[in-house]
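**Q** The primary structure of each chain is shown beneath.
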Amino acid sequence: MTKGVLLFCFDTADTRYHSILERCVTLVKKNLKLPITVVTNFKTFKRMKPLGFINYKFIEPELGNTKLGKEWNNVDRHMAYELSPYDTTLVMDIDYFCFTDNLAHFLDTDYDFLVPDTAYDLTGRNTFDQRRWSMIPMVWATVLVFKKNHKVRKIFETVKYIKQYYSYFNDMYRVYSKNLRNDYLFAMALQQINGFTGYDKLPLALPTLPPDCEIIKITDNGLVWKHGDQISYVEDQDVHVLNKEIADV
Amino acid sequence: MDIGSLKKESDLSYGIAVAKRNALEKAQSRLIIVYKEHIFRADSQTINLVKTLGEVHSSPFYILDTNDNPVEISNPKEFLQILVQRNQEAISSYHQMSKTFEKKK
Numbered sequence: 000m001t002k003g004v005l006l007f008c009f010d011t012a013d014t015r016y017h018s019i020l021e022r023c024v025t026l027v028k029k030n031l032k033l034p035i036t037v038v039t040n041f042k043t044f045k046r047m048k049p050l051g052f053i054n055y056k057f058i059e060p061e062l063g064n065t066k067l068g069k070e071w072n073n074v075d076r077h078m079a080y081e082l083s084p085y086d087t088t089l090v091m092d093i094d095y096f097c098f099t100d101n102l103a104h105f106l107d108t109d110y111d112f113l114v115p116d117t118a119y120d121l122t123g124r125n126t127f128d129q130r131r132w133s134m135i136p137m138v139w140a141t142v143l144v145f146k147k148n149h150k151v152r153k154i155f156e157t158v159k160y161i162k163q164y165y166s167y168f169n170d171m172y173r174v175y176s177k178n179l180r181n182d183y184l185f186a187m188a189l190q191q192i193n194g195f196t197g198y199d200k201l202p203l204a205l206p207t208l209p210p211d212c213e214i215i216k217i218t219d220n221g222l223v224w225k226h227g228d229q230i231s232y233v234e235d236q237d238v239h240v241l242n243k244e245i246a247d248v
Numbered sequence: 000m001d002i003g004s005l006k007k008e009s010d011l012s013y014g015i016a017v018a019k020r021n022a023l024e025k026a027q028s029r030l031i032i033v034y035k036e037h038i039f040r041a042d043s044q045t046i047n048l049v050k051t052l053g054e055v056h057s058s059p060f061y062i063l064d065t066n067d068n069p070v071e072i073s074n075p076k077e078f079l080q081i082l083v084q085r086n087q088e089a090i091s092s093y094h095q096m097s098k099t100f101e102k103k104k
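Chains as they are written, first to last, in numbering that gives the first Met the number 0: chain G, 0 to 248; chain D, 0 to 104.
Treat the hints loosely; a few may be bogus.
[As the list claims (entries may be wrong)] Computed list of lysine-lysine pairs in DSSO-like fashion (alpha-carbon distance at most 27 Å, straight line):
| no. | chain 1 | residue 1 | chain 2 | residue 2 |
| --- | --- | --- | --- | --- |
| 1 | D | 7 | G | 29 |
| 2 | D | 98 | G | 216 |
| 3 | G | 225 | D | 102 |
| 4 | G | 147 | D | 35 |
| 5 | G | 2 | D | 35 |
| 6 | G | 216 | D | 102 |
| 7 | G | 146 | D | 19 |
| 8 | G | 225 | D | 98 |
| 9 | D | 35 | G | 28 |
| 10 | G | 225 | D | 6 |
| 11 | D | 35 | G | 150 |
| 12 | D | 35 | G | 225 |
| 13 | D | 6 | G | 216 |
| 14 | G | 32 | D | 35 |
Don't read these hints as lab results, they were simulated from the structure.
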């Protein structure tokens, strides 16, 4: 049984995502010690520094989605099932920095599909109280673990179906944000395919830094951020960084 | 106390409180383990349950994982050892962090 990490990375006009990927890959190699496959396009690939032994899958990202008025190429996550060469796959956003090996263990469970449903605000402000923003409990598709089997294929088929009619489902679940978010896409698919009865989750609260935190330093085992006049840091703890200016740190 | 000193003191306390909260969250994340393909928390509740069942119930016995799925535990001694080891690794790290917060006060 093979297992590995699948990452999606596409540069945009505003953000050099390949720089974020380079940091992410280094940490995955160091702490998770798993094979890596990067889904990217040639334009982004040409800008990457050599990252060692890594599989690449080339696709052209589906365009059209935006976040805060900027191009946001996040719409291809529904293809993770077909694109992954592994029997068990950890799909991760490239702005999730693994400073621990915590995620690696979740590839050794007998669960078919696992996703976390909570995020933890490292600034202490509890800004991820998502219940106010939709009628469906959101999941954090930042991190997904899945096996290749009949049940999971059906989950991804449902994801594709909902993506196709996303504006309808978005209205039905009264999701506040109108752009496509994988978090809601997967939450809707899991609710629908599981007959509205709930589903298995990763018991993790993803440690997350909100977009208004400026990352001022990244080391091998942690990072330092500034929020207002407060400077804080974490060490040996995974961090999901929402401020994309991390590409310039 | 002038308002500048008060703000400085308040900021310091806030910074320590957030750092301590984050250190606790880090410990909570570290308490999560995978055993026999199921997910558990190596917290006091699981440790006490496994120890108690190991003492008063013959093996195998059954407990629930974090998604409330039943799991057969056939070697409670081995499982308890893993739970205690991880629990102390996480809490000892939190203890060390707490000491650094004490110094900052």
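**Q** All hints are to be evaluated individually against the structure, with a verdict given for each.
**A** For each hint, the structure was consulted:
For the hint pairing residue 7 of chain D with residue 29 of chain G, the CA-to-CA distance comes to about 39 Å; that exceeds 27 Å, so the pair is violated. Distance check on the hinted pair: residue 98 of chain D and residue 216 of chain G sit about 24 Å apart at the alpha-carbon level, within 27 Å; holds. At roughly 22 Å between alpha-carbon atoms, residue 225 of chain G and residue 102 of chain D fall within 27 Å of each other, so this suggested pair holds. At roughly 20 Å between alpha-carbon atoms, residue 147 of chain G and residue 35 of chain D fall within 27 Å of each other, so this suggested pair holds.
A distance of roughly 17 Å separates the Cα atoms of residue 2 of chain G and residue 35 of chain D; the hinted pair therefore holds under the 27 Å criterion. The hinted pair formed by residue 216 of chain G and residue 102 of chain D meets the criterion: a straight-line CA distance of about 24 Å does not exceed 27 Å. Distance restraint check for residue 146 of chain G and residue 19 of chain D: the Cα-Cα separation of roughly 36 Å exceeds the 27 Å cut-off, and the hinted pair is therefore not satisfied. Our distance criterion of 27 Å between C-alpha atoms is met by residue 225 of chain G and residue 98 of chain D, whose separation comes to about 23 Å.
Distance check on the hinted pair: residue 35 of chain D and residue 28 of chain G sit about 25 Å apart at the alpha-carbon level, within 27 Å; holds. This hinted pair checks out: residue 225 of chain G and residue 6 of chain D have alpha carbons roughly 18 Å apart, not beyond 27 Å. Proposed proximity of residue 35 of chain D and residue 150 of chain G is supported: the alpha carbons are some 21 Å apart, at most 27 Å. With a C-alpha separation of about 41 Å, the suggested pairing of residue 35 of chain D with residue 225 of chain G is violated against the 27 Å cut-off.
For the suggested pair residue 6 of chain D and residue 216 of chain G, the alpha carbons sit about 26 Å apart, so the restraint of at most 27 Å is met. At roughly 21 Å between alpha-carbon atoms, residue 32 of chain G and residue 35 of chain D fall within 27 Å of each other, so this suggested pair holds.
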